[in-house]
Structures are given as C-alpha cells and as structure tokens.
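Residue-level listing of the chains:
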Amino acid sequence: MSDLDAFRAEIRAWLEENCPAEMRQPARDEDDVCWGGRNFQFKNEAQKQWLERCVAKGYTVPDWPKAYGGAGMSPAEAKIWREEMHRINARPPLSSFGIWMLGPALLKFGTEEQKVHYLGQIARGEIRWCQGYSEPGSGSDLVSLQTFGEDKGDHWVVNGSKIWTSYANKADWIFCLVRTDKANKYQGISFLLFDMTTPGVSTKPILLISGNSPFCETFFDNVVVPKAQIVGELNRGWDVAKYLLGHEREMISGAGGNDRLNTLGPVLSRAGLEDPLLRAEIAMFDVDALAFSAMGEKFLDEAKVGKAHPAQPNMMKYAGTELNKRRYELLMAGGGSAALEWESEASDGGSKARAWLRTKANSIEGGTSEVMLNVVAKRILDLPGA
Amino acid sequence: MPLYHTEDQAMLADTARSFMAEEGAIAKQLRHWRDQGCKDGFGHGLWKQFAELGLTGVLVAEADGGLGMGHVEAGIVLEEIGRNLTPSPFLTSAVAAATALGAGNAELRGRYLPGLLAGESVFAVAIDEGPKHRPERIKTRAARAGNGFKLDGAKSFVLQGGSADMLVVAARTSGNDDDAEGITLFAVPKDAAGLSQDAVRLVDSSMATHVKLDGVLVDADAVIGEVDGGRDLLNKVLAAGRIGAAAESVGVAGGAFDMTTTYLKQRKQFGKLIGEFQALQHRAAHLYSEIEIARAATIKAQQLLDGGSDKAELMVSVAKAKAGKAAGLAVKEGVQMHGGIGMTDEYDIGLYMKRDRALAEFMGDVYYHAERVAQLTGY
Chain V
1 MSDLDAFRAE IRAWLEENCP AEMRQPARDE DDVCWGGRNF QFKNEAQKQW
51 LERCVAKGYT VPDWPKAYGG AGMSPAEAKI WREEMHRINA RPPLSSFGIW
101 MLGPALLKFG TEEQKVHYLG QIARGEIRWC QGYSEPGSGS DLVSLQTFGE
151 DKGDHWVVNG SKIWTSYANK ADWIFCLVRT DKANKYQGIS FLLFDMTTPG
201 VSTKPILLIS GNSPFCETFF DNVVVPKAQI VGELNRGWDV AKYLLGHERE
251 MISGAGGNDR LNTLGPVLSR AGLEDPLLRA EIAMFDVDAL AFSAMGEKFL
301 DEAKVGKAHP AQPNMMKYAG TELNKRRYEL LMAGGGSAAL EWESEASDGG
351 SKARAWLRTK ANSIEGGTSE VMLNVVAKRI LDLPGA
Chain H
1001 MPLYHTEDQA MLADTARSFM AEEGAIAKQL RHWRDQGCKD GFGHGLWKQF
1051 AELGLTGVLV AEADGGLGMG HVEAGIVLEE IGRNLTPSPF LTSAVAAATA
1101 LGAGNAELRG RYLPGLLAGE SVFAVAIDEG PKHRPERIKT RAARAGNGFK
1151 LDGAKSFVLQ GGSADMLVVA ARTSGNDDDA EGITLFAVPK DAAGLSQDAV
1201 RLVDSSMATH VKLDGVLVDA DAVIGEVDGG RDLLNKVLAA GRIGAAAESV
1251 GVAGGAFDMT TTYLKQRKQF GKLIGEFQAL QHRAAHLYSE IEIARAATIK
1301 AQQLLDGGSD KAELMVSVAK AKAGKAAGLA VKEGVQMHGG IGMTDEYDIG
1351 LYMKRDRALA EFMGDVYYHA ERVAQLTGY
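Chains V and H, in that order, give the protein sequences. Count the first sequence with this note's numbering and you get residues 1 to 386, in order. Count the second sequence with this note's numbering and you get residues 1001 to 1379, in order.
Errors might be hidden in some of the hints.
Claimed, not checked - Not everything, but these chain H residues come out facing chain V in the computed CB check (under 10 Å):
#1 1001
#2 1033
#3 1156
#4 1290
#5 1299
#6 1319
#7 1323
#8 1369
The hints are simulated quantities; they were obtained by calculation from the structure and are not laboratory data. For glycine and all other residues, C-beta sits at the position ideal for the given N, C-alpha and C.
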C-alpha cells in the first residue's frame, strides 16, 4: 500500500467515525450552510459537532499549514480529502469567504502575525468575513472606487460606501478596498481589515428579485482603522485584490465539486423528461456539466502545483456560472408550473424559483461574464488592444 | 491521480509534438497525398516513422513487444495528429484494432502484431452497417461452417479498409439483430474469398470502404476473444476508438484555434487588427473555454479507462460529445473569422473543418453520445 493509499484509508475511517449522518447530504440552500462567526446559530447539534471535530484536526482548511489552523495536506492529500468527502456526500464543515477568499490572500501577502491571528480565527470558524469591493459607481470598473481612507498618523479614517456586500449584515469583519491615494488610480488603493462593529459602520440589506437579501449596502462614516490592519503594502492593495479575485472567481465557478456539478437528468421529474426536446437539451447540458466537473478537477490539480495559467480562474468563472444559469433554466422548464410556486409548502417557500433567480447574479458578481471574457482575451489569448 | 501529464507523458508529448509538426505537417502529408489522389490517403513512409518511434505499439503489451502504455499516451499522439491533420492509420490500427487484437490468443497476436509494430501492416475496424453509428444493432452474420465460420453482411464507414491487411469485423454468431449478446469479433484477412470493398474518398480526403461479406470463409482461429461473448470486447474497442477520436478532436480544435487567433493578430480592417474588436475577442475567449473543458473531459476519461474504472464508459461518452462540440465550434468560428480566405482551398482552416466533420461521425457523434450519457445516468 502506498503512502497515499494509507492516507486515503485513514481519511475514510476518520470520516466514517466522525461525520454525522445528518451532514452526509448536500445542503439544500444557503440556510443549511455552516458559515461560522460570532453570531452564528447552529441549525442542529450535528452541524456543531461536525465543525468542532473538523476544527480539531485542521480539516476545515485541509491544505493550509498546521501553524495556521490547517491540516498541512499536500495537493495529492487534499485531493483525496475532497474525493472522500464527495464519496459520502459530506457537507463542508465550514463555508466562508475567509476560507475561499481572504485566507489565500493572507497566505500570500499577510505578515506572520496576521497569518497566525486571522487565519486561525478563520479556520476555527470564529470570525465571519465579508468583502468590501464594489461601490455604487464602481462595478465592472472596480478600480475607479472612491471610498477614501484619510491618513491620521497611526490610523486611517474611512468614509464612503460599498454595495453588493454579501452578508455584510451577518459578518463580523470586512476586508475592504479603500483609496489611500487619490492621485494614483491603480497604485492608490489599500487593502484594509476592520471590525464591522467599529463605530460608523452600518449596513442595509438589498431586496433582490429572488425575494431574499444576500447582499447589502455598507456605509462608512468616519470609521477608524488602525494602521496595523493593512494587508500588503500601502497603496498596493490592488495586487492583493486581484489575487483574491482569482480565488473568488474560482469559488463562484463551482470548481472543486459541489452539488451544482451533478447531472440534471436524474433529478428531474418524469414529466419533464417525457418531453423529448427538453430531455435532449438536458442530455446536452449533462454532457457539459460532467465535462466541466472534469475541468474543475483539472484546474484545481494544476493550480495546486502552479501549472494553471494565472488568469484561468476567469475562464472557470465564466464557464461555471453560465453553466449554472443554464442548469436552473432547465430545472424550471422541467418543473413546469410546480416550479412557479412562490409561497407554498409544497415548493418549500418557492425554493426552486428563488434559486433560479439567484443564479442570474452568478455571471454578474465577482466580475461579469463579459469582463471574464475580456480578461481571457487579454491575458491568456494575448489579443491586441484587449 | 492528478489531471495533468506525468513527466514521462510530458516527454512523450514533446516528442509527438515535434515529430508531427515536422513530419506530419499539412503540406508534407495531407495536401501532398490528397493532391496526388493517393489511394490510401496517407503515406506508408510516415507510418514506418511512427513505428520507428515505437508509437504503433503504444497500446500493445510489452510482452508482445509494444510499449504497454495506456489511453493517456495514445491520446497524446492523437492530439498532435489532430493538430496537424496528419493522415495515418494510427487511430484505426494502433488504437482500435490493437485493442481488439490484445484480447486475441497468442497465435493471433503473433500473426498480426509484429506487422503493426514494424509499421508494415495496416488494420481496419468494420463495425458500422449504415450511415450512422449503431453498434447496438449488428446484422452481419457469422455461421459455423466446417472448421470455421461463414460471414455474410455489409459494413460501411470502414476507414482505411482498402489499405488494410486485415479487417476486425464485428458479426453476429447468435441471437437477433438488436441483442446485446451473440457478438463475435473476427480478424478477416484482406484477401479472404467473398470479401469485396468499394472504396470512397471522404470529405476530409481520407479513404473509407463499403465492405461486402458474401459467404466469406474464415478459420476458427480468426476469432478474436470468445465466440458469442464479443460484446464486452467490442465495447472495449469502441471505448478505445471513441476516446482516441476525442483526443484527436481536441487536437483539431487546438490547431484551428491557434490558426484563428494568429489571424486575429495579423489581419487589419478599418485601420485596426481585427483581434481588437470585442465581438471577436469574446467569441475567441468562449472558444478557448470550450476547448479547455473538452481537453479536461478527455484526459479524465483516458485516466478512468486506463484505471479500469466503472465510470469510464460514461466519461468516454462525455469526452467524445464535448470534444465534438468544441471542435465543431472551433472550425466554424475559424472559417468565419478568417473571412473570405477561410473559404479558399489554399488556406488550411477549411481542412480543419473537413477533418472535424469526419471525426465527429467516427464511432458516434455528439447526439449519439449525449443520448448515451442520458441512458447511463438513468434517464
């Protein structure tokens, strides 16, 4: 038995013993997800147990170093972890923007002190993070952002507002792009971290077409941020932001295997499949979905060893989100009039219709499909003037 | 296993890439033989060179003198074949027929494999019986006769059948046309009495035949594998051919894509390089994405097949369908983005379009394989 086979056996046995039965089914919606944080209410005892057991082993962030709360797994070991989790349909013990986005940026740009402090909190699910990027006037053209941090010696005073801040009303801390030099567009932005309970921070949820409010407007009114809470160099926050966006796009793409990668045919009702043209479209979709799941696996394998093109997350985000939108269009078509129900018990409060509408943001948030294609054209294809 | 090439595989890819770009180039092979009206549609000299590099034995067991490699390695060669539109019997002989022969007895392997390894023999596979790939239904009959069998029926789309020294023929030894069981594979020599072939040149300049089997008598030792139990072996041959064709399609897509993006960076209109226009940039970026995904599906299927996974069959169909879609898009966008010269015979992009069309039909098109995906996933 090779070392990796032994490792797989060990993981399999550990999961068998430690993953509660309730956690061995895919999360139905964002309510089922364990987000962690100061104010997080566990949905049940199993969810809490699952998190605690994983935290103790570093399995919430299996490929982070042990010193920062991870399990120090190699790329091959982390892949085995994912495969074994997938094999029993285990839910991730903890999902968070800290794990997906801030963590990788801190691992690359953070000081040792920041790594030990913030990464440990993220790994243990103690602090829930939100992302302060977009502004009312700065969507796709993110670098034009105006939120300003005035230098006051040992701290900045931040004024401005952000929009589309996911779960800002539930988050404990924010990682935020703040202009610290008005004269320099790209090299005048800093990447700051601060507590959402700091005086002057307020949030207002935005009601979406899905009827839910996953996003907020976030306002900063003379918010004091100590100088130690900067990641990377002063005015070089755009480098951190871009690096982090790569991870955000990877996350939104669905690479790494969550339930969105499953095929559609088996989950649709017979009624939907009896329509031959719809069935054919579903089959063509399933070809694309299964092919994309291989792409996700290949991308992660390559990214872990530095073989992936640095702009590849943009391609992944484009393809993954367009696929997910198509998936929900077909789920709605397959569901017929039953899928239209918005407030019934049978529809679990319109979960399908709401999820369908929610997917329309997939190709907007974290960089629109059009921006993704621009980036691929420029950085991967090297097309002129792109 | 990570979804990228090992060091050994990367070295093979380097070898295959430079060999095919040099010796298998369009001007040197495809156009050369086409313009001569070559009856084989490929060059035997190049086939010898394949053998000198060991490539004809890529899927032949080491015990039989081959390299004993897998579908990942065969796919590496095929991707370069696709990129250069290199005409050769590699897919039919070294991939599909070699997979069948690998299941044959020692006598059969000894009779045919040395010729393949030396690049002196060409083999074809005769499976299809109509214009669409329907291997579930095999009407060609083989009845016991004396010490052997008598074959009656007709086969079509037998690539390189006219050049082949031996044809692997899928025939029915029992049961009804649509039965899964009752299939037997035969190694039928080209000069067997009662075997006649009608050769046709296809759109991509390759040669195929319509085969007539009119009371063809073969000895019992022409049987590959087991009598009546050939469905599993046929499925193995089909999987090998399909994933091979998928890899070649990825190469065709990559070749067409490279030509097209190069053109976008050279051609000027309205005082600009046409690659500056966002309408074309977005289409090129979308195409890049489709080709990358097709390549990922293909290597995944290759690895599953090499590992003997029970998910291989599903992923092979995913890869064949996805690679067909991506390559189809690549050649259509390629011709369109080249504008008028894309329609000329002088320019190579049209050759990619032709090859893609032939590959798309080989062993099941995108619709056939999407249907298989539906059935294999339970609907």
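Restraint: residue 1323(H) near chain V, CB-CB cut 10 Å. Satisfied or not? For residue 1323(H), the interface hint holds, since the closest Cβ of chain V sits about 9 Å away, which is under 10 Å.
Have a go at the residue 1299(H) hint: is there a Cβ in chain V nearer than 10 Å to its own Cβ? Since the shortest Cβ distance to chain V is 7 Å, the answer is holds.
Regarding the hint that residue 1033(H) lies at the interface with chain V, is the smallest CB-CB distance below 10 Å? 33 Å, violated
For the restraint on residue 1001(H), tell me whether the closest CB of chain V is nearer than 10 Å. This hint holds: residue 1001(H) lies near chain V, its Cβ roughly 9 Å from the closest one there, short of 10 Å.
Interface hint check: residue 1156(H), Cβ to nearest Cβ on chain V, cutoff 10 Å. Holds or violated? The hint is violated - residue 1156(H) has no Cβ within 10 Å of chain V, the shortest such distance being about 26 Å.
Answer holds if the nearest beta-carbon of chain V is closer than 10 Å to that of residue 1319(H); otherwise answer violated. 7 Å, holds
Can the hint on residue 1290(H) be confirmed by a CB-to-CB distance to chain V that is less than 10 Å? 8 Å, holds
Any CB of chain V closer than 10 Å to the CB of residue 1369(H)? For residue 1369(H), the interface hint holds, since the closest Cβ of chain V sits about 7 Å away, which is under 10 Å.
The structure fails to meet hints 2, 3 from the earlier list, while all remaining hints are met.
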